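Generate coordinates for the entire structure from the input sequences, incorporating the hints supplied.
Using the working numbering, the letters of the sequence shown map in sequence onto residues 502 to 579.
Watch out, some of these pointers could steer you wrong.
[Claimed, not checked] Calculated cross-link-like contacts (lysine-lysine; reagent style DSS-like; alpha-carbon spacing at most 25 angstroms):
1) Lys528 / Lys553
2) Lys554 / Lys575
3) Lys575 / Lys553
4) Lys518 / Lys553
5) Lys527 / Lys553
6) Lys554 / Lys518
7) Lys554 / Lys528
8) Lys518 / Lys575
9) Lys553 / Lys534
10) Lys534 / Lys518
11) Lys575 / Lys534
[Said to hold, decoys possible] Ranges of calculated distance between the beta carbons of each label pair, as one might list FRET restraints:
12) Ala579 / Gly543: 34 to 40 angstroms
13) Ser557 / Gly536: 21 to 27 angstroms
14) Ser557 / Asn506: 32 to 38 angstroms
15) Lys575 / Pro510: 23 to 29 angstroms
For the record, the hints were derived by calculation from the structure and aren't laboratory data.
As the structure is a computational prediction, the values presented were derived from the model and not from experiment.
All residues carry an ideal CB built from backbone N, CA and C; glycine is no exception.
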Amino acid sequence: EVVENTPVPIFTIGAEKLNTDLAVLKKAYDSIKAGARGIIFGRNIFMASDPKKLVSALNDVINNEVSLEEAARKYNLA
Numbered sequence: 502e503v504v505e506n507t508p509v510p511i512f513t514i515g516a517e518k519l520n521t522d523l524a525v526l527k528k529a530y531d532s533i534k535a536g537a538r539g540i541i542f543g544r545n546i547f548m549a550s551d552p553k554k555l556v557s558a559l560n561d562v563i564n565n566e567v568s569l570e571e572a573a574r575k576y577n578l579a
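Structure below.
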């Protein structure tokens, strides 16, 4: 509702440390599907098992409209 009623792009923040890379990807995917233009992560990227792989998966979900399942499979995220 907020996204639909504001003229400025909405970005969400990652907040707490999530347990898995897949949970991070799902949070981003859900945010984009809800209308956010992007998501801001800190520790969820820096503390990931493979930050480069996770950032690549996030890029696919956020910028390339790749589905959560496809990105998780492509980058072997669990």
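message: Could you work out which of the previously given hints the structure breaks and list their numbers from low to high?
response: As far as the earlier hints go, only 12 is violated by this structure.
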